[in-house]
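Trainee: All chains, please: the whole structure from these sequences, using the hints.
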Amino acid sequence: MSQGGYAVVDVDDEINDRGNGLEFKTFLPTDGHTPRATSPSPPEVPHSFFNLAYYQTYFDVDTDIVLKRVGMATIPRAGFIAENCDGQIDLYGPFWTLTTLILVLYITSTSISSITQYLSSSHANSNLPLLSTAVSVVYFYGLGLPALLWGATKWLGVGEWGVAEALGLYGYAMGVYIPVSLLCLIPVGILRWVLVFGGAASSGYFLVQNIYPVLASADNKMTRLLIIAVIALHGGMALAIKVLFFSNSSIGPDPISDPML
Amino acid sequence: MSYDRIGTPSQQIIQADDEDLDALSFSHPNPSPNAASSSSSSQPFANQTAQAGPSNPSVVSGKIGQNAQPRTERGIGGVRMETRYTGESTLDEPVTKTIMRDLNSIYAKLLQVLYPPKGGGNNQLLRDWDLWGPLVICLTLAIILSIDAPQEQSMQVFSLVISLVTIGSVVVTVNSKLLGGKVSFFQSLCVLGYALAPILLASIVSLLVHTLFVRIPVSLACWAWSVWASMNFFTGTRLQESRTFLAVYPMCLFFFVFAWMIMIQ
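So the protein lines, in turn, are chains A and B. Position 54, counted from 1, in the first sequence is what the numbering used here calls 36; the numbers after and before it change by one each time, with no gaps. Position 81, counted from 1, in the second sequence is what the numbering used here calls 77; the numbers after and before it change by one each time, with no gaps.
In case anyone wonders, no lab produced these hints; they're calculated from the structure. Any given hint might turn out to be false.
What the hints assert, rightly or not - Derived CB-CB ranges, DEER-like:
{"hint": "1", "chain 1": "B", "residue 1": "T86", "chain 2": "A", "residue 2": "T98", "range": "36 to 42 Å"}
{"hint": "2", "chain 1": "B", "residue 1": "E89", "chain 2": "A", "residue 2": "V145", "range": "51 to 57 Å"}
{"hint": "3", "chain 1": "B", "residue 1": "Q236", "chain 2": "A", "residue 2": "W137", "range": "35 to 41 Å"}
{"hint": "4", "chain 1": "B", "residue 1": "S238", "chain 2": "A", "residue 2": "S93", "range": "31 to 37 Å"}
Just so you know, even glycine gets a beta-carbon here, dropped at the ideal spot from N, CA and C.
Mentor: Rendered as structure tokens:
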């Protein structure tokens, strides 16, 4: 059996360990313990995309670091990754910021519609579709779009950043919507518009400040036009949040028709 | 399948590798991934082992005395392994007995997760994870919430709850693994599933009582209970002190979605 050594190691996590490299390596346990994905050797990062240990480098954070980064991301400034993250972005913060945002959007929007219904004394109505809406909107904008943006820059030949940086910037940028959503519980229509677009301006400025240097580093000047797409989509996202979650008629059949409510 | 054990310092970790499993499958009518204790056969004797508490009511009905030494430890090829004999063949016993043993096993684990002092105060039972209990709890929760929902939304609620439980518990588990916790994947799924039981209780209460002033305190209390129960387990994962909050926070979110659904219905 020439490949006898392959079957010995941990089946769950290590099976994808040798995904992309053709190299000779023994998998026989020589020193009594098998290598495990849960305890990677810090110096070398496994390059396999499917290995859990590959992602562990992006989750190597402590509580106070994450809290500090989330706080600093609400202040729109350039150089977020270099200054606040010491050049190494994490993915814990972005992912759970987005997930928290989903939950907060769901909670605030259902509260608003429940209070409205309670005041107008109509019968209570469940608003579970809002949860799936929130999940799809927030995850698409916070995870899908930065990946697309990163792919576009890669295709155009800007190699300055990785996909993790793009995801991290977008994830942390969305964090400002969490306090905004909580403040949107105040039932004043015009205040909600101000709050949502204040949040959009803050996070949009943060995104532009951090993404534009990357785009500007390209030889092709046309790459910089991507920033317009970023701004436009960010505005669209703010509008979507306002219309979908913070209009009193969000439970009605057509919230688009009268969003100023 | 990962065989990482959560280990308190006092308890010896039995590493189950392929060799061990092969040996076990011959000596055992029902091979289980866990070398330490197997769900179907070890249950009647769980109260005889040093780890399980004598106060565990679900296992008192075992056949004490028929077999003085239920546990044997041997070494095969340098691997320490452990087998247990239930005292009789499980092949030709009545079906009701087999089902009752599994139900007892689910009940014992539920007790262990929800109220560790009563369940024996250790994680020994949970090393022998199963996903039957979580499945039952998840389905019941989904059914109750969909009954509670308006007629036209009930199917949507049902599928949403099922997918939230599955995806959510997987994400929470992967998160704690990524943060560096030493926890077996399926064991963590098992514990998170059992920890949903207080939420299930809250949903039953809110199905019966429609007053908002009862629902909200009950849901919040059950949410806190769920978080506490799962935290109890995850403190055993040897996560760094500075990261405990990072692992606990997703669990709070996970349980809070359901608590909120119950409150808002």
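Trainee: Give a verdict on every hint.
Mentor: Consistency of the hints with the structure:
1. B:T86 - A:T98: 36 to 42 Å: About 60 Å separates the Cβ atoms of T86 of chain B and T98 of chain A, which means 36 to 42 Å is violated.
2. B:E89 - A:V145: 51 to 57 Å: Roughly 56 Å apart at Cβ, these two residues keep to the hinted range, so it holds.
3. B:Q236 - A:W137: 35 to 41 Å: 40 Å, holds
4. B:S238 - A:S93: 31 to 37 Å: 34 Å, holds
Figure legend: structure checked against the earlier numbered hints; the only hint not met is number 1.
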